[in-house]
Amino acid sequence: MAEAVQVQLKKGVLELCVLALLSRGDAYGYEIASRLAQGIEMGEGTVYPLMRRMQADGLVATYLVESTAGPSRKYYRLTDAGRASFESQKTEWAAFSAAVNDILEGAR
Amino acid sequence: MTRGDFIARLRVGLGGLAPTQIEELVADYETHFAEGLAAGRSEAEVAAALGDPDRLARVLRAEAGLRRWEAERNPSAAANAVWAVLGLGAIDVLVLLPILLWIGGTLLGLFIAAAALVIVGAVLMVAGPVVVYGAPVAALVLAGLGVMALGTSLGALCTIISIGCTNALVWYGRFHMRLLKPALEV
Numbered sequence: 001m002a003e004a005v006q007v008q009l010k011k012g013v014l015e016l017c018v019l020a021l022l023s024r025g026d027a028y029g030y031e032i033a034s035r036l037a038q039g040i041e042m043g044e045g046t047v048y049p050l051m052r053r054m055q056a057d058g059l060v061a062t063y064l065v066e067s068t069a070g071p072s073r074k075y076y077r078l079t080d081a082g083r084a085s086f087e088s089q090k091t092e093w094a095a096f097s098a099a100v101n102d103i104l105e106g107a108r
Numbered sequence: 001m002t003r004g005d006f007i008a009r010l011r012v013g014l015g016g017l018a019p020t021q022i023e024e025l026v027a028d029y030e031t032h033f034a035e036g037l038a039a040g041r042s043e044a045e046v047a048a049a050l051g052d053p054d055r056l057a058r059v060l061r062a063e064a065g066l067r068r069w070e071a072e073r074n075p076s077a078a079a080n081a082v083w084a085v086l087g088l089g090a091i092d093v094l095v096l097l098p099i100l101l102w103i104g105g106t107l108l109g110l111f112i113a114a115a116a117l118v119i120v121g122a123v124l125m126v127a128g129p130v131v132v133y134g135a136p137v138a139a140l141v142l143a144g145l146g147v148m149a150l151g152t153s154l155g156a157l158c159t160i161i162s163i164g165c166t167n168a169l170v171w172y173g174r175f176h177m178r179l180l181k182p183a184l185e186v
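Order-wise, the sequence lines are chains A and B.
Going by the numbering used here, the residue at position 54 of the first sequence is 54; the numbering climbs one at a time, nothing skipped.
Going by the numbering used here, the residue at position 1 of the second sequence is 1; the numbering climbs one at a time, nothing skipped.
Simulated from the structure, these hints should not be mistaken for lab results.
Fair warning: there could be bad hints in the mix.
[As the list claims (entries may be wrong)] Straight-line C-alpha distance at most 20 Å; calculated EDC-like pairs for lysine to aspartate or glutamate:
#, chain 1, residue 1, chain 2, residue 2
1, A, 74, B, 30
2, A, 90, A, 26
3, A, 74, A, 87
4, A, 90, A, 66
5, A, 11, A, 102
6, A, 11, B, 52
7, A, 90, A, 102
8, A, 11, A, 92
9, A, 10, A, 92
10, A, 74, A, 92
11, A, 74, B, 28
12, A, 74, B, 52
13, A, 10, A, 57
14, A, 10, B, 52
15, A, 10, A, 80
16, A, 74, B, 23
17, A, 74, A, 105
18, A, 74, A, 102
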C-alpha cells in the first residue's frame, strides 16, 4: 500500500512540476526532461509519455520550431485549461505541504 | 547502450501499436538523443538517463491502450487495455490472473447462453406454429418473444459487467503500476 501511495504521489507531483515549468515559458522536450531529472529522481524517458498524456488531456499544446543546428524542436505551451489546472493544483499543494510541515515541526 | 540499441529495443517493445504511432513515439527519443549529443553527452550517457527502453515501451504501450479504451468503448479496445495492464508484468498480476480468467470464462459462458436464448426464442416464434399442431399461434409467438427478450437482457447485463470489470482493472493498473495518470483524481 505504502509503495502504491508513493507512486500516486510521484505521478501527481510530476504533472504539477511540468505545469510549473511551462507556466514560466514554453519549453521543448529535452529541456523539460533534463530540468525534471535534475530536480526529482526520475528517468528522463518518462517525460515523453507524460507530455503525450497531458496533450491528450488538453493541458498542453505543441508547435514546431526550426533549429539552426540539429533537428526541429517540438515546443510545449500551456493551454488555458493547463493554466487553470496549474493554479488549482498549486493551491492544493501549498495547503497540503503546509499542513504536513506543521506536523513535522510540531513533532520535534 | 548505444543510440541504435536503445531505439531498436524501444521499437521491439512497441510492436503491436499502429506503425504511425510507433514512428511518433520513436521520434521523441530520436530527437532526445540528437539534443543530448549536441549538448556534449555521449550516446551511452543519454541512454542511461532515459532509463530502460523495455520498461518505457511497456508504459508507452499501456498508456496508449488505456487511452484507446477511454476513447472507444468496444470489445477490441477492452481486450487491448486488459492486455496492456497485464503486460506491465507486476507481480500482483499473477495473483489477479486466475480471478481474471474465471471472470472472463464466466462472462463468455453467459454471453453464449444469451445468444442461445435469442436463437431458441426466434426458432420458437417462427417454426413453432408450423411444427406444433393445434397449439395456439399467439401463445407460441409470445413465448418466443419472451425468450428472446430474456436472452437480450442477459446479453446487456453481461456487457455492463464486462465494461465494469475492464474499468476496475484499468483503475487498478493506474493505482499500482507506474502509469502516468493518477488513479486518485481530485
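A quick look at each hint next to the structure:
1. 74(A) <-> 30(B): holds, 12 Å
2. 90(A) <-> 26(A): Since the Cα atoms of residue 90(A) and residue 26(A) sit roughly 19 Å apart, the hinted pair holds (cutoff 20 Å).
3. 74(A) <-> 87(A): violated, 25 Å
4. 90(A) <-> 66(A): Roughly 33 Å separates the two Cα atoms, so the pair is violated.
5. 11(A) <-> 102(A): Answer violated: residue 11(A) to residue 102(A) is near 24 Å, above 20 Å.
6. 11(A) <-> 52(B): Judged against 20 Å, a Cα distance of about 18 Å means the pair holds.
7. 90(A) <-> 102(A): The given pair, whose Cα atoms are some 18 Å apart, holds under the 20 Å limit.
8. 11(A) <-> 92(A): holds, 15 Å
9. 10(A) <-> 92(A): At roughly 15 Å apart (the allowed maximum being 20 Å), residue 92(A) and residue 10(A) satisfy the hint.
10. 74(A) <-> 92(A): Status violated; Cα separation ~30 Å.
11. 74(A) <-> 28(B): Given pair residue 74(A), residue 28(B) holds - Cα atoms ~9 Å apart, limit 20 Å.
12. 74(A) <-> 52(B): Not satisfied, since the Cα-Cα distance of roughly 23 Å exceeds 20 Å.
13. 10(A) <-> 57(A): Roughly 19 Å between the alpha carbons, so the hint for residue 10(A) and residue 57(A) holds.
14. 10(A) <-> 52(B): holds, 19 Å
15. 10(A) <-> 80(A): Not satisfied, since the Cα-Cα distance of roughly 24 Å exceeds 20 Å.
16. 74(A) <-> 23(B): Holds, because 15 Å separates the two Cα atoms, which is no more than 20 Å.
17. 74(A) <-> 105(A): violated, 44 Å
18. 74(A) <-> 102(A): violated, 42 Å
Taken one by one, the earlier hints fail for this structure at numbers 3, 4, 5, 10, 12, 15, 17, 18, listed in ascending order.
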